[in-house]
Structure formats: structure tokens, C-alpha cells
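As they're listed, the protein sequences go chains Z and V. Residue 1 is where the first sequence starts when you use UniProt numbering, and the numbers rise one by one after that. Residue 1 is where the second sequence starts when you use UniProt numbering, and the numbers rise one by one after that.
Derived by calculation from the structure, the hints in this document are not laboratory data. Among the clues, some could well be false.
As the list claims (entries may be wrong) - Lysine-lysine pairs mimicking BS3-like chemistry, simulated, CA-CA at most 27 Å apart:
| # | chain 1 | residue 1 | chain 2 | residue 2 |
| --- | --- | --- | --- | --- |
| 1 | Z | Lys85 | V | Lys97 |
| 2 | Z | Lys49 | Z | Lys4 |
| 3 | V | Lys107 | Z | Lys31 |
To be verified - Pair by pair, the computed Cβ-Cβ distance ranges are:
| # | chain 1 | residue 1 | chain 2 | residue 2 | range |
| --- | --- | --- | --- | --- | --- |
| 4 | V | Asp71 | Z | Tyr54 | 23 to 29 Å |
| 5 | Z | Leu86 | V | Lys97 | 17 to 23 Å |
| 6 | V | Lys76 | Z | Gln6 | 19 to 25 Å |
| 7 | Z | Asn80 | V | Lys58 | 34 to 40 Å |
What the hints assert, rightly or not - Covered stretches of chain V (in silico footprint by chain Z; criterion: 3 or more residues with CB under 8 Å from a CB of chain Z, positions within the stretch not fixed):
| # | stretch |
| --- | --- |
| 8 | 71–83 |
| 9 | 106–119 |
C-beta atoms are modelled at their ideal positions from N, C-alpha and C, and glycine is treated no differently.
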Amino acid sequence: MVDKGQVISLCRFLLRAGRQYPDYNIREYAKRRTLDGFRMNKNLTDHSKVVDAYVEGKKQLEVVERLVKVYLAYPPKTKNIMELKLQ
Amino acid sequence: MALRNAVLRHLRVPVQNLAVRGSNQSQIGFLGSIRAFSSHDDHLSKQDVVDRVLDVVKSFPKVDPAKVTPDVHFQKDLGLDSLDTVEIVMAIEEEFKLEIPDKEADKIDSCSLAIEYVFNHPMSS
């Protein structure tokens, strides 16, 4: 029984985990992909499909958290140009 | 407050065209840590919070910037859904370097609530 609050909470966990990546490109991709993923399944009516999508989301959350630890061990050496403030 | 601004103005005289907000705030941060000028000087002003929150909302691609006012409701007035609300609250968290817990983030439904929350949070910067 997955309700709306849990889905929103999962979305937040994924976005927060994705924010920790040191690499700008991967960070932006994580954010874009989670939002697109949730929006794609926004209008599902069949509850079993909703549960499937939720379980899939939980798996992806594990993946993101694991990869964050790996990427933090090898941070990029220079700042990406998109991260520099406009002078 | 006036004394601190006078000193800041004096410090900024030799540098030209520093109209960038980032440098202004970094200077305030340095002097704020000394705490010699007032007891509560490292907190943001209400107008500053309002401006920055509105900028974050306006730069959202799904939002029409002309409709954004300090008391606009995300879902009712701007026609966003709950996922967009989550995204906006995340963007506000990043802008002010805060960590908003889930319970509070669920309640933030409109610009006015967001502005109030950020203004009352002791760690906003």
C-alpha cells in the first residue's frame, strides 16, 4: 500500500542523494533523471504498477547512495565551468 | 548596522564595479564572524529573502515569471503539481544552504510559507 506521501518522500531522498555527487554532470543527470522518472509515472492508476515503480525507485536510491561513496573517493580535479559564478 | 555598512563601504572603495552579489555577501560573512558591530548582524533581511526566493521561483522553467508574487500558491496559482513543489523546495534549500526536514518541506505550499520558513531559520545564508 504505497501512498502519495511515500512517493514524495522517495523523490526527496533521491534528489538529496543525487546532490552529493562531486561531478557537475552526474549531479545534474541524477536530478533530471529522478524528476523525469517520477513525472513519467505520475498518472498511473493501477496500484500494482505504482508499487512496482516504487520498488524500482527504492533500488535506484540504493544505487545512487552506493555510487556517491565511490565518486566521492575520486573527486574531479577542476571545477566545471557551469559551476563558476558569472563575473 | 550603520557603522558596519560605513566600514564596508570604506573597505570597498579601492575596488571598482563590484556589483556582484556574491562578493558583497562574502565580505559580510567575514565581518559577521567578528561580531563587534551588532548582536544579530549575520541574519538575512526580509527583503533579501523575498527577492532571492522569488528569483528561484521565477527561474523555474514551468513558471510564468509575470505571475510570481510573494504570496503566490504553487499549486493553485502557478498550476504546478506536487513534484514541481518538491523541486522548488529543493532549489530553495540549495539557494539558502539549508536542510529542510521532510515534515516542514511538505507544508511549504506557497511563496509566503517558503519566505517565512527561510526567514525564521537561524542557519540561512
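Legend entry - Cβ distance range 17 to 23 Å for Leu86(Z) and Lys97(V), holds or violated: For Lys97(V) against Leu86(Z), whose Cβ atoms are near 19 Å apart, the range 17 to 23 Å holds.
Legend entry - Outcome, coverage of the stretch 106–119 of chain V by chain Z - at least 3 residues whose beta-carbon is closer than 8 Å to one in that chain: violated (count 1)
Inset, instruction - Starting from the hint 34 to 40 Å, judge whether the C-beta atoms of Asn80(Z) and Lys58(V) obey it. - result: violated (24 Å)
Inset, instruction - Could you grab the alpha-carbon distance between Lys49(Z) and Lys4(Z) and see if it respects the 27 Å cut-off? - result: With Cα atoms ~14 Å apart, Lys49(Z) and Lys4(Z) stay inside 27 Å; holds.
Inset, instruction - State, for the Cβ atoms of Asp71(V) and Tyr54(Z), whether the hinted interval 23 to 29 Å holds or is violated. - result: At 34 Å between Cβs, range violated.
Inset, instruction - Indicate whether the distance between the beta carbons of Lys76(V) and Gln6(Z) respects the range 19 to 25 Å. - result: holds (24 Å)
Inset, instruction - Please work out if Lys107(V) and Lys31(Z) have their alpha carbons no farther apart than 27 Å. - result: Since the Cα atoms of Lys107(V) and Lys31(Z) sit roughly 22 Å apart, the hinted pair holds (cutoff 27 Å).
Legend entry - Pair hint outcome, Lys85(Z) versus Lys97(V) [Cα-Cα no greater than 27 Å]: holds (16 Å)
Legend entry - Assertion that chain Z covers the stretch 71–83 of chain V - criterion: three or more residues, beta-carbon distance below 8 Å: holds (count 3)
Hint compliance for this structure: hints 4, 7 and 9 are broken, all remaining hints hold.
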